[in-house]
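Number of protein chains: 2
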Amino acid sequence: MSNRNSKVDFNKLPYKLQLSENELPKQWYNLRADMKNKPAPLLSPATMKPITFEELRQVFCDECARQELDEVNAFFDIPQAIQDFYKMYRPAPLTHAVFLEKALNTPAHIFYKFEGNNTSGSHKLNSAIAQAYYAKEQGLTGVTTETGAGQWGTALSMACAFFGLVCKVFMVKCSYEQKPFRREVMRTYGASVVPSPSDTTEAGRKILADFPDAPGSLGCAISEAVECAANTPGFRYALGSVLSQVMLHQSIIGLETASAFEKYGIEPDIIVGCAGGGSNLGGLIAPFMGRKLRGEADYHFIAVEPASCPSLTRGKFAYDYCDTGRICPLSKMYTLGCRFMPSSSHAGGLRYHGMSSILSQLYDDGLMEARSVKQTDVFAAAREFARTEGILPAPESSHAIRVAIDEAIKCRETGEEKTIVIGLTGTGYFDMFSYQKFNDGVMQDYIPTDEDLMQGLSQLPEIG
Amino acid sequence: MSNRNSKVDFNKLPYKLQLSENELPKQWYNLRADMKNKPAPLLSPATMKPITFEELRQVFCDECARQELDEVNAFFDIPQAIQDFYKMYRPAPLTHAVFLEKALNTPAHIFYKFEGNNTSGSHKLNSAIAQAYYAKEQGLTGVTTETGAGQWGTALSMACAFFGLVCKVFMVKCSYEQKPFRREVMRTYGASVVPSPSDTTEAGRKILADFPDAPGSLGCAISEAVECAANTPGFRYALGSVLSQVMLHQSIIGLETASAFEKYGIEPDIIVGCAGGGSNLGGLIAPFMGRKLRGEADYHFIAVEPASCPSLTRGKFAYDYCDTGRICPLSKMYTLGCRFMPSSSHAGGLRYHGMSSILSQLYDDGLMEARSVKQTDVFAAAREFARTEGILPAPESSHAIRVAIDEAIKCRETGEEKTIVIGLTGTGYFDMFSYQKFNDGVMQDYIPTDEDLMQGLSQLPEIG
Chain U
5 MSNRNSKVDF NKLPYKLQLS ENELPKQWYN LRADMKNKPA PLLSPATMKP ITFEELRQVF
65 CDECARQELD EVNAFFDIPQ AIQDFYKMYR PAPLTHAVFL EKALNTPAHI FYKFEGNNTS
125 GSHKLNSAIA QAYYAKEQGL TGVTTETGAG QWGTALSMAC AFFGLVCKVF MVKCSYEQKP
185 FRREVMRTYG ASVVPSPSDT TEAGRKILAD FPDAPGSLGC AISEAVECAA NTPGFRYALG
245 SVLSQVMLHQ SIIGLETASA FEKYGIEPDI IVGCAGGGSN LGGLIAPFMG RKLRGEADYH
305 FIAVEPASCP SLTRGKFAYD YCDTGRICPL SKMYTLGCRF MPSSSHAGGL RYHGMSSILS
365 QLYDDGLMEA RSVKQTDVFA AAREFARTEG ILPAPESSHA IRVAIDEAIK CRETGEEKTI
425 VIGLTGTGYF DMFSYQKFND GVMQDYIPTD EDLMQGLSQL PEIG
Chain D
5 MSNRNSKVDF NKLPYKLQLS ENELPKQWYN LRADMKNKPA PLLSPATMKP ITFEELRQVF
65 CDECARQELD EVNAFFDIPQ AIQDFYKMYR PAPLTHAVFL EKALNTPAHI FYKFEGNNTS
125 GSHKLNSAIA QAYYAKEQGL TGVTTETGAG QWGTALSMAC AFFGLVCKVF MVKCSYEQKP
185 FRREVMRTYG ASVVPSPSDT TEAGRKILAD FPDAPGSLGC AISEAVECAA NTPGFRYALG
245 SVLSQVMLHQ SIIGLETASA FEKYGIEPDI IVGCAGGGSN LGGLIAPFMG RKLRGEADYH
305 FIAVEPASCP SLTRGKFAYD YCDTGRICPL SKMYTLGCRF MPSSSHAGGL RYHGMSSILS
365 QLYDDGLMEA RSVKQTDVFA AAREFARTEG ILPAPESSHA IRVAIDEAIK CRETGEEKTI
425 VIGLTGTGYF DMFSYQKFND GVMQDYIPTD EDLMQGLSQL PEIG
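Sequence order for the protein chains is U and D.
Number 271 in my numbering belongs to position 267 of the first sequence; there are no gaps in the numbering.
Number 22 in my numbering belongs to position 18 of the second sequence; there are no gaps in the numbering.
None of these hints come from the bench; they were simulated from the model.
Misleading hints may appear alongside valid ones.
Heads up, the list lumps identical chains together, so a pair's fine if it works in one copy or across two of them.
What the hints assert, rightly or not - Here are the simulated lysine-lysine pairs, BS3-like style, with alpha carbons at most 25 Å apart: (1) LYS91 x LYS267; (2) LYS16 x LYS91; (3) LYS140 x LYS378; (4) LYS40 x LYS53; (5) LYS210 x LYS267; (6) LYS106 x LYS30; (7) LYS106 x LYS91; (8) LYS30 x LYS16; (9) LYS11 x LYS140; (10) LYS11 x LYS106; (11) LYS296 x LYS40; (12) LYS140 x LYS106; (13) LYS91 x LYS140; (14) LYS320 x LYS267; (15) LYS320 x LYS30; (16) LYS140 x LYS42; (17) LYS336 x LYS53; (18) LYS336 x LYS16; (19) LYS267 x LYS53; (20) LYS11 x LYS30; (21) LYS16 x LYS320.
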């Protein structure tokens, strides 16, 4: 690969490639409009046929249901109230990691798009405020949701407080126990928080009957939240990842990144992000992948997932339920099977059995690379990043940092001056339980055997 | 008071009055140079005479000792390495709190200077990086310090990691127990953390002998840290507040604030900050107070302290030891007596018996107002701020928010369009233990009786 930024004087760049408020994107970008191979449609669990708007609006608010199904319109106007809210914490900085570069002694140029400068501690707020806004506009009174690491639940709590909506959060039990302070942040914003699986829903009770000590999973908490919304008048369900509407809202990450790079005349070579359900990665790469699909430019995209929950690298591309309780729509995606229970000691935000259908299709089409990394290697990268660049990264984000460092070290060996951009989704302030294990040298890696994986993969639904 | 900003169209301001990187201050401002009544000199505990440079450099690194004693030079160049580090998280945003204004239905214009966008979660990093830099330049191998809420300890850990220095932190025991995750952040940055009072120092052992269940205090932890530094070759001590050198470094807060207001043609009426040792407030008001002292402009300065530890509003202006163990220099300041033990359940960063000698002198000269507020009122303000402006504030910072809201409500009643600026020192992510008490409705207020206060005040040293 030739050096496509040979004319850029990287030493003269500011530390942050800052956009001004009036350079904030006014539209979201819908990558599906530029995809030749569209993601397969969601299937209704009742009919096993492509889900209709009427079915979907029973679960999500109307506008979110519309956005979910729209594969045609490339751009959606961001409502003014959402633009105003975004100004509280956006534009998010795109930072030149000069101190990390120096520590690695690499000729690579490393940038990170940092989404952690808000109380939710992550990019999740970008979609939470949109989903809360549309619920409020429709005259709904509240929303339910699930949360893994707690970032999405916090984000939705903040958004609901802002618009005066009731918010009920089902929090994956092992995270609930590891992160009591996350719960308190949500409560401070007025949300109620229930550990999942719980005995407050049919789905929760069924899972508890089968697995009384279940540490919980995103798939299971989703089942509970969807059921609770369906049984509460004036409520709908909100989801923080996986869905195409979420990718749409999160495109603001990539749009800002692309604008800032354009402002300074830089083209990235490698774009790397962690992938749990895909919301951050899908948002970060959206405009760049659009250019690639339209043949305007090429980039090396890398999705990084935990070795403990390797849906892209070891899962199957097949229709599967989005939740453990099998009451949600089915999505064609890379999946480990909706009954897969990942180890509880690993990054909460990446412990999802499936993957965005958009990213799954792109990966299947060979447009993106995927790698899995071990948790201890991830925390080593996190610590190096914290000590050089100051920011204490979330374990989820640190998966991307790991691979970016690996790529920068390769550049040191080959002499290539690649430009790498990291999706730094958030901060690790509520993950100190995990950092403590790492600091104490007692953190363990969990890599499922093929047999472990067969448990989930053997139960995939037979479609068509 | 007339409306001094009648020509400003506040509706057309951006949400953040952002400075660019090249507008970052290149010098710190030393307020003492403009003070007619200089703060009284520090006294040596050995001689009870004004402390000399030779004595002071046994405790602090040489350049810090020089800065501590300098009352003449108004400006100090910020070394390039510190300017570079500042770019990681500065300029800090000066934000127009439009959502809070709307919620309060006030004609007042409220701004906040937010110092929490860094891993230490507060303004403390501004001085930590300076003190670490000068220690490194001098060829020292490490520093010791104390920390209350944990923000200063985290900041110094980050700074030491950046320059490759050893860092040993004595953490006030009740904070150590309430905030185990703060400890882990410091450890992640390579620091060692000891709960104080400890049996590792003579000072700690003495305090434990007198008060075996002591929850600790900043004054006590300072004694331990100073003793430890004195007994470790190549080490010096670093302090995060109270000292004049710290006020100097923290002037960057006020300088940026003043620049941003000038950029938009705004003059604040009220400048309000919390006051523990005074580092944030002293830094925030420095350039504005300079103008007032030079007769160029007038402002209403308000120092806000907890009712549980009311050094300005109920203390004495007298010489007192800076630490509980009485091994540190004496400072003429508003003090509750160095043996005063504040209630353990209140904002850790404001639990100091004394106050910056600069701020004490200004207060005694009638140039600044001081108010004390109750903890439950503070958390009510914190929650309102979190829900409207998104940021979950530190309990310390929320003292200033409380008074700013009170002033804005007064404006609603009088119709005055005052412009209020809040020093928002940091985030409350590690204070969820306290938020939980507030959310559960079990938070209590502690207001010492006159008798409680006499315990400390009756033991003030007799000077001269």
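Verification of the supplied hints:
Both within a single protomer and between protomers do LYS91 and LYS267 lie at most 25 Å apart by alpha-carbon distance, with minima of 20 Å and 19 Å respectively. Taking CA atoms no more than 25 Å apart as the test, LYS16 paired with LYS91 passes between copies only; the shortest distance there is 14 Å, against 28 Å inside one copy. In this assembly of identical chains, the alpha carbons of LYS140 and LYS378 never lie at most 25 Å apart, being 41 Å within a copy and 36 Å across copies at closest. Taking CA atoms no more than 25 Å apart as the test, LYS40 paired with LYS53 passes inside one copy only; the shortest distance there is 22 Å, against 82 Å between copies.
For the homomeric pair LYS210 and LYS267, neither the shortest alpha-carbon distance inside one copy (54 Å) nor that between copies (62 Å) is at most 25 Å. Within a single copy, LYS106 and LYS30 get their C-alpha atoms only as close as 36 Å, which misses the 25 Å cut-off; across copies the closest is 24 Å, which meets it. For the identical chains of this complex, LYS106 and LYS91 are inter-copy neighbours only, at 16 Å across copies versus 33 Å inside a copy, given an alpha-carbon limit of 25 Å. Proximity of LYS30 to LYS16 under the C-alpha cut-off of 25 Å is restricted to the inter-copy arrangement: shortest distance 18 Å between copies versus 30 Å within a copy.
For a Cα distance limit of 25 Å, the shortest separation of LYS11 from LYS140 qualifies neither inside one copy, at 49 Å, nor across copies, at 36 Å. Taking the closest pair of Cα atoms, LYS11 and LYS106 come within 25 Å of each other only inside a single copy of the chain (21 Å); across copies the shortest separation is 48 Å, beyond that limit. Taking CA atoms no more than 25 Å apart as the test, LYS296 paired with LYS40 passes inside one copy only; the shortest distance there is 12 Å, against 66 Å between copies. In this homomeric assembly, LYS140 and LYS106 come within 25 Å of each other (Cα to Cα) only across copies, at 19 Å, whereas the closest approach inside a single copy is 48 Å.
In this homomeric assembly, LYS91 and LYS140 come within 25 Å of each other (Cα to Cα) only inside a single copy, at 20 Å, whereas the closest approach across copies is 39 Å. Proximity of LYS320 to LYS267 under the C-alpha cut-off of 25 Å is found in neither arrangement, the shortest distances being 40 Å within a copy and 57 Å between copies. Proximity of LYS320 to LYS30 under the C-alpha cut-off of 25 Å is found in neither arrangement, the shortest distances being 37 Å within a copy and 57 Å between copies. Taking CA atoms no more than 25 Å apart as the test, LYS140 paired with LYS42 passes in neither setting, with 31 Å inside one copy and 57 Å between copies.
In this homomeric assembly, LYS336 and LYS53 come within 25 Å of each other (Cα to Cα) only inside a single copy, at 12 Å, whereas the closest approach across copies is 79 Å. Taking identical chains as interchangeable, the C-alpha atoms of LYS336 and LYS16 are never at most 25 Å apart, the minima being 46 Å within one chain and 47 Å between chains. Proximity of LYS267 and LYS53 under a CA criterion of 25 Å is satisfied in neither setting, with 46 Å inside one chain copy and 59 Å between copies. For the identical chains of this complex, LYS11 and LYS30 are neighbours neither inside a copy (30 Å) nor across copies (30 Å), given an alpha-carbon limit of 25 Å.
For the homomeric pair LYS16 and LYS320, neither the shortest alpha-carbon distance inside one copy (46 Å) nor that between copies (53 Å) is at most 25 Å.
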